[in-house]
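Chemist: Following the hints, complete the assembly by docking chain E onto the known chain W.
Given next are the chains, with one letter for each unit.
Protein chains: 2
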Amino acid sequence: MFRERLALDAALIQDQFDLVLGALDDIGVTRAMAYATQGGKRLRGFLVLESARLHGVEADRAIWPATAIEALHAYSLVHDDLPCMDDDDLRRGRPTVHVTWDEGTAVLAGDALQTLAFELCSRPEAGPAEVRADLALTLAQAGGAQGMVLGQALDIAAETAAAPLSLDQITRLQAGKTGALIEWSACAGARLAQADPERLRQYARALGLAFQIADDILDVEGDMEKAGKRLQKDAVAGKATFVSLLGLDAARARAAELVDAACAALDGYGARAETLKEAARFVIARDS
Amino acid sequence: MFRERLALDAALIQDQFDLVLGALDDIGVTRAMAYATQGGKRLRGFLVLESARLHGVEADRAIWPATAIEALHAYSLVHDDLPCMDDDDLRRGRPTVHVTWDEGTAVLAGDALQTLAFELCSRPEAGPAEVRADLALTLAQAGGAQGMVLGQALDIAAETAAAPLSLDQITRLQAGKTGALIEWSACAGARLAQADPERLRQYARALGLAFQIADDILDVEGDMEKAGKRLQKDAVAGKATFVSLLGLDAARARAAELVDAACAALDGYGARAETLKEAARFVIARDS
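Chains as they are written, first to last, in our numbering: chain W, 1 to 288; chain E, 1 to 288.
Chain W on its own, in the form it takes in the complex:
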């Protein structure tokens, strides 16, 4: 049920990218933008579409912020993979953008994907102006120097820090680096409906932390073939992770507790929230 829904939503988002990117000039940068948005689980876009369903918002409105958040996520991966950042050559099972094209194209394609994210959630089709202005403002807050970019900066700083990060520091880093966009995605459905996003926020905060712990476990235990990216980079770099700080068993237990907390936060929605609860369980069971 959940996996079918995730795949259907991913296909909807791909169609939207085809439509939007197909309208651009066919040059290296726009081809690199299309390449960077292909593949992946599209969990963030799924959270937008599913939280919108929960609030009775039509999919032809929700598809705009769903595609927006996947564009923003794709930009962050393209820039994160650059030689001057994480220096990765493999992403979603394929060579990274700067390997396939070059660094200049990767910088520009990432830049344009970020711009596209703000264009998509500001499009009139997404709903009333109040909603669109709110989506753009909160997306900027989640993606900027108090959200995702702060997390990335703390991550880079950790690489040259004298001592490994503490659990509190890792938690703060994660809240920015992956948590902020996951929270925005889950809250988007309530925002589209001009409803209170508080329950979805509680869900997303627990989900985001569980997601990162699962990522750290995957980095240690995962299969590169399935993950589609290089693993064990953190251990090799001597970076603190939830696994290095808690140990594998305690990290697994903590992730499971967080999934329970994420599900409990949605109890007020009744049976309609089942797909989002399944998503939370999937997050710690995935192999990619």
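Simulated from the structure, these hints should not be mistaken for lab results. Every value quoted in this text rests on a predicted model; they were computed, and no experiment measured them. From the three backbone atoms N, C-alpha and C, an ideal C-beta is built for every residue, glycine too. Errors might be hidden in some of the hints.
What the hints assert, rightly or not - Going by beta-carbon spacing under 10 Å, a handful of chain W positions derived as facing chain E:
1. Leu19
2. Leu21
3. Ala109
4. Cys121
5. Gly247
As the list claims (entries may be wrong) - One-sided and incomplete, this derived list gives chain E residues near chain W with beta-carbon spacing under 8 Å:
6. Gly22
7. Leu24
8. Val107
9. Asp111
10. Ala112
11. Thr115
12. Arg123
13. Ala133
14. Gly143
15. Gln152
Modeler: Just chain E now, kept in the frame of chain W:
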């Protein structure tokens, strides 16, 4: 009169950056963001503030999109100066961001400055939701793969092209690379007032082209000390410019015609438009 106004507006924008960036965590990336937004003429922010005055919009609303466009412009300079792009070590008379910090910090600081631009023009203080959603949408269109990034991509492609670009191709490149943001800036005042931006658009299109021709003349004839950046890069790279295609005298004449056209587009506004007309004359007389 005009130069005083330009300096006053630049100071207002600096105060706003101090306020906004001062609220962020004090880390390398946020310091690099502040550094990148200092100095410069702030012509784009001036165009926002002055077109807003023309439409009777309060400065405490217009300051938000004015600061937004300077943040977007600063991001484009930081990324454009990277070794994998134009590889510049000097900007606004100081070492570029990747020289002062490192490439990773420059990528992230540029990324966060772009995000900040969308945050600032979506802030409730900028006006009604209709206005903010319109500002964000049009800024994304001007800054993205059909605007500024398209111009930058065409510029990069020109470096490895078999033949130098034609006048039509250079004009299209410029319309994206510098024209789109100048047009957005000049139209912002009308958008803030929910008025028709058509006259300001005509003004900005002529102004933007004059600005680029003047830049090409400056690249040949300018003084590096005053310009605050390296010059004669285009000639050394064998790139076509308005000067290489038209010759110096014809380029100067064309820029002067465009300034006349820019001024004529504002005649309907009467004497109130005098400062914007002076700005157009300044654009081809400047030495930096």
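Chemist: Now look at each hint and say whether the structure bears it out.
Modeler: Results of checking the hints against the structure:
no. : hint   : in the structure
1   : Leu19  : 14 Å, violated
2   : Leu21  : 8 Å, holds
3   : Ala109 : 9 Å, holds
4   : Cys121 : 8 Å, holds
5   : Gly247 : 30 Å, violated
6   : Gly22  : 12 Å, violated
7   : Leu24  : 5 Å, holds
8   : Val107 : 6 Å, holds
9   : Asp111 : 6 Å, holds
10  : Ala112 : 4 Å, holds
11  : Thr115 : 4 Å, holds
12  : Arg123 : 7 Å, holds
13  : Ala133 : 4 Å, holds
14  : Gly143 : 5 Å, holds
15  : Gln152 : 6 Å, holds
Violated hints, in rising order: 1, 5, 6; the structure is consistent with all others.
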